[in-house]
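Chemist: Residues per chain are reported as follows:
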Amino acid sequence: MKIFASSHEFDYSWEEVSTCNWRKYCPWNDKSTHVIAVDTLSRTLSPSTGILRTERLITCKQSTPQWLRTFLGGQDTSLVYEVSYVDAAAKKVTMCSQNMTWSDLLSVQETVVYRPVRGVPGKTVFEQNAKIIALCGGWQKIKNGIEEFTVERFRQNAAKGREGFERVLAISREVFAEERKKKGLQAM
Amino acid sequence: MSASLAPECNEVKERYDTCFLKWYSEKYLRGTAKTDECEPLFREYKACIGKALKERGIDTMLEEARADNAENDKEYLKPSKGS
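In order, the protein sequences belong to chains Z and F. Residue numbers for the first sequence follow the UniProt record's numbering, beginning at 1 and rising by one. Residue numbers for the second sequence follow the UniProt record's numbering, beginning at 1 and rising by one.
For the record, the hints were derived by calculation from the structure and aren't laboratory data. One should not assume that every hint holds.
[As the list claims (entries may be wrong)] The list that follows gives simulated cross-link-like pairs (lysine-lysine, BS3-like), each with its CA atoms no further than 30 Å apart:
(1) Z:Lys141 x Z:Lys92
(2) F:Lys27 x Z:Lys24
(3) F:Lys22 x Z:Lys24
All chains, full assembly: derive it from the sequences and hints.
Modeler: Here is the structure:
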């Protein structure tokens, strides 16, 4: 088993971050190009708790090296299942993701949390934790190899994801300010 | 907005995503949302993507993933402790 953990502070309010999070993989993100589609499968708002639960399916371009593909089989896309929980009252987003492709050989479970930095307005902390386990029986060496490769790829994608998300946040803020200006002009 | 895995669903997905984002930022985050107003659009999009998932055999894979996620539902759907 391998564990990957990282955290980061965004210089944006929780409201901005949690809104932009829905479009993290839009074309403004020019770093996470391995994500080719994001589909919403279900969405429910609990009237009693106010928690918004969303199920999404994320389609990624496969870029596994040949040696690993011979073990796992050769598909050109991989699928990730994600369930997120937004608690607007508590100002917390929790996202739980798992791999659907090769799930009998490899388990990748990730939890991401976004919440405001306590006592610092306009800042949001991102915490990411992932557990990577190769499930295939047999050679420990191969299992280790698969886990090491996966955690390394995970680290690369996490860095790219953060960079791409910063860009989405910046562009969103610009577009929003421009729209507000336009609306203001129209109102005059 | 990001694309759908099924190109034939892109158009309805785009309309739904736009509706949702507006509802999320203007109503849900401000605590004024009682219901999800984009539900009718979502039903249209869901009909399209549901068909595509079935054709690709992804629907059965999803059942398994949903079962695996049951624990998370239990933990994260609990009401917050007034933080």
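Chemist: Could you run down the list of hints and mark each one as holding or not?
Modeler: Consistency of the hints with the structure:
{"no.": "1", "hint": "Z:Lys141 x Z:Lys92", "verdict": "violated (40 Å)"}
{"no.": "2", "hint": "F:Lys27 x Z:Lys24", "verdict": "holds (20 Å)"}
{"no.": "3", "hint": "F:Lys22 x Z:Lys24", "verdict": "holds (16 Å)"}
When held up to the earlier numbered hints, the structure conflicts with hint 1 and nothing else.
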